[in-house]
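S.K.: Here is how the chains run, residue by residue.
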Amino acid sequence: MYFVIATHIFVPNPERSASFLGNCLGFQTQYKEGYGWCAENGTVSLLIHFAEQAQATFEVQCNHIEQDTQALLKHDGIHALSDVEQYDHRLQQRFLSDCGITLILSQILTEDDLNELPDLPTSLAWDEKTMQQVQRILRIVPLDFRAKARQRVTERAEYLAVVGGDLMVNEAYAMRALVDITLKFQHPTLYQAIQDEGIAPEAYELPCSH
Amino acid sequence: MFPLIQRTYRLIRTAWAIKALRQADNDDVKQQARHALSDILAGSRGLPMKVGQVLAGMGDESEYAVLTQSVEPWSLDKMLPVLEKAWGKPALIILESMEESQAAASLGQVHRAKLNARETLAIKIQYPDIAKAMQAEMTLAGLMPAAGPVKTWGFDMQAYKQTLNQNIHEELDYLHEMKQQMLFSGSVHVQGLHVPSTYPLLCRKNILVQSWAEGVRLSEVAKWALPPRLFVARTLMQTMFQSLFQAGLVHGDPHPGNMLFSDDIKEPQTTLLDFGCMIHVDEMPRLALLNMILVARGDRHINLLSLFASMGFDEHKLQYIEAKLPTLIQLLCRPFIEERAFDVEQWDLSVSVELLLGDDKWWFRSAAPANLFLIIRIFQGLMSQLALLDVKLPWFPLLQQALKKSTWEQAKHWTPDGIDLPEPPHIQGSATQLSIRIKPHGKNDINITLTAISALDLENLMPESIASEMRDAGVNLHDIREQLLKDGLEPQTLLDLDMPSYHCHIALQL
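Chains as they are written, first to last, in my numbering: chain R, 1 to 210; chain F, 1 to 510.
Because the hints were derived from the structure by calculation, they are not lab data. Predicted, not measured: the structure shown is a model, and the values here were computed from it. All residues carry an ideal CB built from backbone N, CA and C; glycine is no exception. Careful: at least some of the hints might be erroneous.
[As the list claims (entries may be wrong)] Distance condition first, Cα-Cα at most 20 angstroms in a straight line; then the derived DMTMM-like pairs of lysine to aspartate or glutamate:
no.: 1; chain 1: R; residue 1: 148; chain 2: F; residue 2: 339
no.: 2; chain 1: R; residue 1: 74; chain 2: R; residue 2: 98
no.: 3; chain 1: F; residue 1: 392; chain 2: R; residue 2: 166
no.: 4; chain 1: F; residue 1: 392; chain 2: R; residue 2: 119
[Unchecked claim] Computed footprint of chain R on chain F, listed as stretches where at least three residues anywhere in the stretch have a Cβ under 8 angstroms from a Cβ of chain R:
no.: 5; region: 227-235
no.: 6; region: 333-342
no.: 7; region: 391-405
All chains, full assembly: derive it from the sequences and hints.
M.R.: Pasting the structure below:
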């Protein structure tokens, strides 16, 4: 079954709310009928109704909260209620519009934002220092691809270790695995990252970037 | 399905007979024999595997549990005369000391003894008259009928019975066990594996003497740190690989009770015990099995019907599912294909095989040789051990390392014998399923659905007891096949027959 969910919201002034949502968040008013306004932005449909005491709250998730805060504040009729607030895994900024809608701008913090090095999904025992080196080197992989890279390099290093007759992953297996899973055009970056860890990249047939 | 139910009926009788016997006679020997029988039933070898599984699943688990409970060992006073009679001299002329047994095994019990200041022995003494008692129990259980070959649904029941008989015969002969143990020890060499050394001059048909082994059970190993657990897992895997693919001599009873583990300073050690039941795998099926892995990995290209025929499959039956064989071997060999640590707990082979084969699974099962179940059991044993250890390892590199270079060379140059199959009949028709419904009078009916083409094999599919009543009723299954070959496989009722013991309804359906 294919379906779209439309959300009903209740605000003191549907017309001004529809206009606010259009200006700030790109909603387009589809039609206006006796029971309210219908607006959508291609992803979300809203049916906006009148209710004198009501207050609607929207949360908008973004990737760059400071940049998007500045962009929002350029619009008329909206002001920040607080500074950016930080929680364990997210940042958020609250806004109030003059039409009665509260807007929360939020940003989920990534491992880079949090300066975290997620664990490798290991099955074998790993040399502790090597594991940390791999975790740091993986930061050269764009965030969107990093979880997959983390899994692939772990599997590859463990496979190479067992092929080599070992049950513990050491620096040699891990670096070899990094070279194996990294696309050739990224080898110069990998070269530098390995070198930054105090390891000689040449030992793993990684050509110098210069 | 049908033979399974037949066996269940037989087992209900067996369970009751054993129960009645126990209540009527408290003789210690017979109690030991009962225990031994149940141990063999639960020991999952050949027919006993099936029997044990059926018994365990038939809602009579309390009786089954009683059968498999451990029994108290006999006192040394009672067992010493057995040992001295076998040796022909007082035990303490040979031994420095001998202790009471701590645990009874199925056919005998083990005593710890000191040969001298350096050597500690494990002396397994067979219970007196256990052989005679076992035969009596087997007859009582009805598992060794004198009837000739019985083929039901294409399963060769006689082969399973022979396997059972042979297993019992071998397990009762400790000299045979000693030879097997020495052979295994001489042909399987894996890092971390220990096979206790035997003392041939002290062994007799009912006495097995070997070096004493210390260690903990697998459940204890599961609590160890990851590195020693990985080491133990590698030892278990490579022992199985080497013994199956290279030595052709596999421990047929690899349950945790037959293993001891120690975490020595140098490296963890796995000690294998009880070589009474070994599975011999001939060179042809062993090389075929190894080649199945190579074919599944894309390293070799071999005609799969010939390959399976070399493993002992009935190629005539397999030809009906030939198109599915390439995918099937991918499923069967998945742990050897994946180039990463393989998680056995995420591997649901039966579900994926069911999805691939559907009703055709009957063709595959009935085409399989009797000893395939033994090999499957060995793999299942290994996987449950890996699951208990909670470790994941890549399989293929361990297989590569477990076998000698010469074995790999032999495998890579091996080719299966050519097979000469008649063209399978190309028969038209819109029926897709063969439905067989058999109702023994006064009992629940049995339904089975097969692919429509199975109708051409009704003669082999029908259990002999039913086929014989059909013949008496003037039904000729061969004529039905000839008629189908002529007219095609169209939806129709092929047979709706009331016989003295059964009502049988067989139909082709859309």
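S.K.: If a hint holds in the structure, say so; if it doesn't, say that too.
M.R.: Here is what the structure says about each hint:
no.: 1; hint: 148(R) <-> 339(F); result: holds (16 angstroms)
no.: 2; hint: 74(R) <-> 98(R); result: holds (14 angstroms)
no.: 3; hint: 392(F) <-> 166(R); result: holds (14 angstroms)
no.: 4; hint: 392(F) <-> 119(R); result: holds (17 angstroms)
no.: 5; hint: 227-235; result: holds (count 4)
no.: 6; hint: 333-342; result: holds (count 3)
no.: 7; hint: 391-405; result: holds (count 8)
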